[in-house]
Structures are given as structure tokens and as C-alpha cells.
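J.: Single-letter residue listing:
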Amino acid sequence: MSAAPGRPRQARAPGGVRLTPARIGIYAFLLTAALFFLLPLYIMLVTSFKTMDEIRLGNIFALPLSVTLEPWMIAWSQACTGVNCNGIRGGFWNSVLIVIPSTVLPILLGALNGYALSFWKPRGSQALFAILMIGAFIPVQVMMYPLVRILASVGLFSSLPGIVTVHIIFSMPVMTLLFRNYYLSIPQELFKAARIDGGGFWRIFAQLMLPMSTPMIIVAAIMQVTGVWNDYILGLVFAGRDNLPMTVQLNNVINTTTGERLYNVNMAATILTSMVPLAIYFFSGRWFVRGIAAGAVKG
Amino acid sequence: MKARLLHLSRQLVSWSALLPMALTVLVAYLGTVLWSLKVSLTNSRTFPSDEYVGLAQYERLFNNDRWLLSLENLALYGVLFIAICMLLGFLLAVFIDQKVMAEGALRTVFLYPYAMSFVATGLVWQWMLNPGNGIQQALRQLGWQDFTFDWIIDQDMVMYTIVIATVWQASGLVMAMLLAGLRGIDEEIWKAARIDGIPTWRVYVSIVLPMLAPSVATVFVLLFTAVIKLFDSVVSMTQGGPGTASEVPAKFIMDHLFGRANIALASAGSMVLLLTVLALVAPFLYARSRARRREERG
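The listed protein sequences derive, respectively, from chains A and B. If you read the first sequence in the working numbering, its first letter stands for residue 38, the second for the next number, and so on. If you read the second sequence in the working numbering, its first letter stands for residue 1002, the second for the next number, and so on.
Just chain A, same shape as in the assembly:
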């Protein structure tokens, strides 16, 4: 699974790149597929720039006759979730506040776990790791209610630290695996040399291993930011009313409104909510794919 996609390779199809019927078929298939994949993005975009009149009368595929930015403004700062009409900007900032600690802490813990598991190997740790790996496959619903009770008993339920704790718990299997595999590929000699030079557990971790882990930290950060930003169910249950992430507020805006649905506002809100992970995807490219491949064991 470590093979990076996109390595250039020699031509394999006989006939190379001449335009044969087979080549035309290949392009026809790929372009049709590309249209299918792009259609929703196109429709989201054009709908978000239309007025409601145009949506009522018009065609979902048509370009807007008069481009309006109003739906974006309303989505950001006026759309209603229940009695609150402050738009989804609150959700945006809540998501930011959740994502930052839920990215930094799991990465630090994952690196620490991976480091201890691959270099120090204290007795019993491998068994612990094996259970953690199976734990990755436990459906969240099984853990949901007990976690609610446990967090409530320590006063963390429905709070920012509560939702961050939950994200730490659910991301621990992948984060640990990611760094464990990475550290296993580092020669043991390096670690032994550091030991002989008198490095202790923490010093070797902070001054040698962590700085060497930059590529893994980038991959892990991309995965974590995307995953936490896109999470719905954990935010819904654990974040509490004051910290609802953007995905939950988006769903509330769209699925709980009464009266006429403002499709243009809804689509603008959907794009706004998807902006962060999409931006990460478009700018990080290969790293994103690498993260998927590395974290593929997880569910």
C-alpha cells in the first residue's frame, strides 16, 4: 500500500498514443465519468449564484441570468437554524476551534505511541496495539452511549474539551499506526546511537524522532483536518449546543427550515462548509492520496 500513485511509466498499450477507436473509447468513458463527477459541483456553484425567482422558473443546469452574491451573504451570516438566524459562520468558527486541538493532540499522541511501540517496546505494548487496531473497526454506535456517560461523569460532555477528547479517541488507531510504521522504517542503529550518547526517552523523541517525522506529520495533519472537519455524528452528539460544528449547522439550516426552502442559500452554505477540505485537497494533491493509502486500514 506504500506505492505512491502517479509514477511515470513506459507506454504499455500497443500502438502507443495514436488515435485508434480503442483510444477514442477510453477518452469517451473517462470524459463521461468526469462529467458525472463534476455535475454536482457545477450545480452547487450555479445554484448558489441564482436568485430564488430564477430557481423557481428556471432549469437546474442553466447558468445564472443575473449573478447575485446575496445567497452567500445570507448563508454566511443570516441563515436560520431553528430560532437562531446568524448564518453558519458560528459553525465555521466552532469547527476551527474543534479542528485545531483535534489535529495537534492526536498527531502528538500518535507520534508518541508509534515511537514507544517501535523503539522502546515495553512489555505488553504490542498486545495493546493489536487491540487498538481491532478497535478501529468498532462501529461508533457501540461506543456512543458509554462514552456519553463517561464524559458526563467527568463533566466533559457537551463541551469543547469533550468533543476533542472524542476525536482523540477515534483517531488514535490510525495516528498510532501511521507513526509506528514510519518509525519501524527508521534504522534501529540511529536509535541505539542516540541511546549511547545518553539520550533519554523524551529527549530522543523531541529532538530526534519528531523532527524526522515531518512528512508523516503533514500526511497525518491533512487526514485529521479533513476527517474532523467532515465529521457529523460525533459533533452532533458530543459537542454540545454552543460548539456545534459546521456540518451539523449546515444540516440544521437545510433540513429543519420551515416554509420555502432557499435553495440558493442552501447551496452556498454547502459550498462554504466544503471549502476547507476541498481547499486542502486541491492544494495538497499527492499528499492527500498518500494519506488515504496510509490510513486505508482504518474504517
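Some clues are possibly wrong.
Said to hold, decoys possible - Within a straight-line C-alpha distance of at most 25 Å, the following computed SDA-like cross-link-like pairs (lysine to any residue) qualify:
no.: 1; chain 1: B; residue 1: Lys1100; chain 2: A; residue 2: Leu68
no.: 2; chain 1: B; residue 1: Lys1100; chain 2: A; residue 2: Phe319
no.: 3; chain 1: B; residue 1: Lys1039; chain 2: A; residue 2: Gly192
no.: 4; chain 1: A; residue 1: Lys229; chain 2: B; residue 2: Arg1261
no.: 5; chain 1: B; residue 1: Lys1100; chain 2: A; residue 2: Phe194
no.: 6; chain 1: B; residue 1: Lys1100; chain 2: A; residue 2: Gly172
no.: 7; chain 1: A; residue 1: Lys158; chain 2: B; residue 2: Leu1006
no.: 8; chain 1: B; residue 1: Lys1192; chain 2: B; residue 2: Pro1211
no.: 9; chain 1: A; residue 1: Lys158; chain 2: B; residue 2: Glu1297
no.: 10; chain 1: A; residue 1: Lys158; chain 2: B; residue 2: Val1014
no.: 11; chain 1: A; residue 1: Lys158; chain 2: B; residue 2: Val1204
no.: 12; chain 1: A; residue 1: Lys158; chain 2: B; residue 2: Arg1291
no.: 13; chain 1: A; residue 1: Lys229; chain 2: B; residue 2: Asp1051
no.: 14; chain 1: A; residue 1: Lys158; chain 2: A; residue 2: Leu75
no.: 15; chain 1: B; residue 1: Lys1100; chain 2: A; residue 2: Phe320
no.: 16; chain 1: A; residue 1: Lys158; chain 2: A; residue 2: Leu247
no.: 17; chain 1: A; residue 1: Lys229; chain 2: B; residue 2: Arg1291
no.: 18; chain 1: B; residue 1: Lys1039; chain 2: B; residue 2: Val1206
no.: 19; chain 1: A; residue 1: Lys158; chain 2: B; residue 2: Asp1051
no.: 20; chain 1: B; residue 1: Lys1039; chain 2: B; residue 2: Asp1051
no.: 21; chain 1: B; residue 1: Lys1039; chain 2: A; residue 2: Trp239
no.: 22; chain 1: A; residue 1: Lys158; chain 2: B; residue 2: Ser1290
no.: 23; chain 1: A; residue 1: Lys158; chain 2: A; residue 2: Gly172
no.: 24; chain 1: B; residue 1: Lys1100; chain 2: A; residue 2: Leu247
no.: 25; chain 1: A; residue 1: Lys158; chain 2: B; residue 2: Thr1226
no.: 26; chain 1: A; residue 1: Lys158; chain 2: B; residue 2: Arg1261
no.: 27; chain 1: B; residue 1: Lys1230; chain 2: B; residue 2: Leu1006
no.: 28; chain 1: B; residue 1: Lys1100; chain 2: A; residue 2: Lys158
no.: 29; chain 1: B; residue 1: Lys1039; chain 2: A; residue 2: Lys229
no.: 30; chain 1: A; residue 1: Lys158; chain 2: B; residue 2: Pro1211
no.: 31; chain 1: A; residue 1: Lys158; chain 2: B; residue 2: Asn1064
no.: 32; chain 1: A; residue 1: Lys229; chain 2: B; residue 2: Gln1012
no.: 33; chain 1: B; residue 1: Lys1230; chain 2: A; residue 2: Ile205
no.: 34; chain 1: B; residue 1: Lys1230; chain 2: B; residue 2: Met1212
no.: 35; chain 1: A; residue 1: Lys229; chain 2: B; residue 2: His1008
no.: 36; chain 1: B; residue 1: Lys1230; chain 2: B; residue 2: His1008
To be verified - Covered stretches of chain B (chain A as the covering partner; in silico rule of three or more C-beta atoms under 8 Å from a C-beta of chain A):
no.: 37; segment: 1031-1041
no.: 38; segment: 1104-1113
no.: 39; segment: 1143-1152
no.: 40; segment: 1230-1243
Everything labelled a hint here was simulated from the structure, so no lab data went into it. Every value quoted in this text rests on a predicted model; they were computed, and no experiment measured them. The beta carbon of each residue, even a glycine, is placed where N, CA and C say it ideally should be.
For this one, chain A is given, so just place chain B on it according to the hints.
T.: For chain B alone, kept in the frame of chain A given last:
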């Protein structure tokens, strides 16, 4: 003596570093599973009770029409979702692998939905499939008067709309992972096949596909766990409707945990999900660890 003390203190430091992981494994993973198991054997309603009722909750669960419908929906959805994702993902990977122009752009286009949340995906497709303003209406306006595409409000068809939306979201992932597998295949195999005059499609089906087995297995497990988790997309697209036509087990459990205050029944449902996952994942993990051990032995 001194050496042993040193060794002990070394163990102590590394153990203390693993304390958060140990706590997570023991409390958050093992502890919660045991707790749910215990609750599922009691007659708890809003709060856990200690009154054991044996397997009565499981019996009740499998006499519950909504649960049975949820399972049926999930089975239908799971088969279609996995089959279509695999097929589409494999075809995309193979076609992209033919030295096409703009490969990078195509890959980006096929994979971007995977960066979107299930909620956003569900909402876009809800908008497109809505018969009043969506695709149906648009094609009617273009002169196709009796065009009908109202699956999302049709009790018999609604599950298929969820398949469409989630296939759109996830098949790029299959493409990316299988493409990585394809690129890892030895060039010699292609040369040998060409010399023997075997047609390209035949090489893909009979030689390449079996060689991709580990990637395919990983993708399968990935998609399977996504099926079991199916919740966000349903909530954002149909809220389980029309009626109860698109109810799924994860939603059944959530509703009974938080809306209907029947945590025992919900826990029984969650244990059924857990057993289903383990029954499938355990052989996979076992096979993989065996393969790895064999590799290490050389």
C-alpha cells in the same frame, strides 16, 4: 542490581508515555464495548439498569419491523454500493492507466468528492434529485415532457438514490487505491503478455486483477465499514424517509439511544452491528498478519 533498576526505570518511562493509549484501549474501546454488551442484556430504558433479561432485547429487536427494514435496506445498499464502487473504481483506474492525456486533472476530478463530507454530499444530491426543481424538472423543460426521475420520494426506489450519492463520493477512493496497486505491478508481466499476444483486457482480468487482490481486499474492508456506518448521508438526504423507507441500522440505534430512550434495544442493535463487522474483518486481519509473518520469514 543496578542494571535491573535501570531497566525497570526505562520500562516505567515508556509505560507512562503509553498511558494515554492504554487508557484509550482499556476504557474507550474495551470498556465501552463491554458496557454496551451489558446494557443490551438488561431492561434499561433511559438509564442503565441492573435488571438482566437475558437475550430478550435481541428477541425484541428481531421482532421489530423497523429494525428488520433497516437491515434489509442496509443489505441492499451494501451490495449495490460495494459492487458499483468497485466496478467503477476499477474501470476508472484501468482507463487512467492507459497513458491518457491530463491524467492528473482526471484523477483530481474523480477523487475530489471524497474530500467532501457525507452531509454536503447528501444535500447536493437531495437538491439534484428533488423532482420539483431538480434534474426531472430540467429535462421536462427541455421538452422531454414525461421524463420521470422521482426516486427520492418513492418508497421503493429511495435507497438507490443513496447508492448514487455515496458511489459518487467514494468511487474515486477505489480508483486512487487500485491505481496505486496497478502502478506497483512489474513491467515484465506486460512485456511477457505482449510477446504472447494476449489481449490487454484479458491480461487485466486474468493476471492483473488477481495480483491486485491485497488492494482489492483493503478497499473492500474500507467500503464495508463505510456501509455499516451509513448514517450522515441518510440523515442529510432523506432523514430516513419517505416514511421509513430509507431507515438504516445506525440511524435506528441513534434514534433509540437519544430520541426514544430505549438504550437497551439500541445497545442490542449496536452489538449486532459489531458482530457483523468482526465476522468480516477478523478473517481479513488474520490473513494479513499471516501474510506479513510469512514475508518476514522469507
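J.: Look at each hint and say if it fits the structure.
T.: Each hint tested on the structure:
no.	hint	verdict
1	B:Lys1100 <-> A:Leu68	holds (15 Å)
2	B:Lys1100 <-> A:Phe319	holds (22 Å)
3	B:Lys1039 <-> A:Gly192	holds (24 Å)
4	A:Lys229 <-> B:Arg1261	violated (58 Å)
5	B:Lys1100 <-> A:Phe194	violated (53 Å)
6	B:Lys1100 <-> A:Gly172	violated (40 Å)
7	A:Lys158 <-> B:Leu1006	holds (17 Å)
8	B:Lys1192 <-> B:Pro1211	holds (18 Å)
9	A:Lys158 <-> B:Glu1297	holds (19 Å)
10	A:Lys158 <-> B:Val1014	holds (11 Å)
11	A:Lys158 <-> B:Val1204	violated (45 Å)
12	A:Lys158 <-> B:Arg1291	holds (21 Å)
13	A:Lys229 <-> B:Asp1051	violated (53 Å)
14	A:Lys158 <-> A:Leu75	violated (48 Å)
15	B:Lys1100 <-> A:Phe320	holds (24 Å)
16	A:Lys158 <-> A:Leu247	holds (18 Å)
17	A:Lys229 <-> B:Arg1291	violated (29 Å)
18	B:Lys1039 <-> B:Val1206	violated (48 Å)
19	A:Lys158 <-> B:Asp1051	violated (40 Å)
20	B:Lys1039 <-> B:Asp1051	holds (9 Å)
21	B:Lys1039 <-> A:Trp239	violated (40 Å)
22	A:Lys158 <-> B:Ser1290	holds (19 Å)
23	A:Lys158 <-> A:Gly172	holds (20 Å)
24	B:Lys1100 <-> A:Leu247	violated (39 Å)
25	A:Lys158 <-> B:Thr1226	violated (30 Å)
26	A:Lys158 <-> B:Arg1261	violated (46 Å)
27	B:Lys1230 <-> B:Leu1006	violated (48 Å)
28	B:Lys1100 <-> A:Lys158	violated (46 Å)
29	B:Lys1039 <-> A:Lys229	violated (47 Å)
30	A:Lys158 <-> B:Pro1211	violated (37 Å)
31	A:Lys158 <-> B:Asn1064	violated (49 Å)
32	A:Lys229 <-> B:Gln1012	holds (16 Å)
33	B:Lys1230 <-> A:Ile205	holds (19 Å)
34	B:Lys1230 <-> B:Met1212	violated (29 Å)
35	A:Lys229 <-> B:His1008	holds (15 Å)
36	B:Lys1230 <-> B:His1008	violated (45 Å)
37	1031-1041	holds (count 7)
38	1104-1113	holds (count 9)
39	1143-1152	violated (count 1)
40	1230-1243	holds (count 6)
When held up to the earlier numbered hints, the structure conflicts with 4, 5, 6, 11, 13, 14, 17, 18, 19, 21, 24, 25, 26, 27, 28, 29, 30, 31, 34, 36, 39 and fits the remainder.
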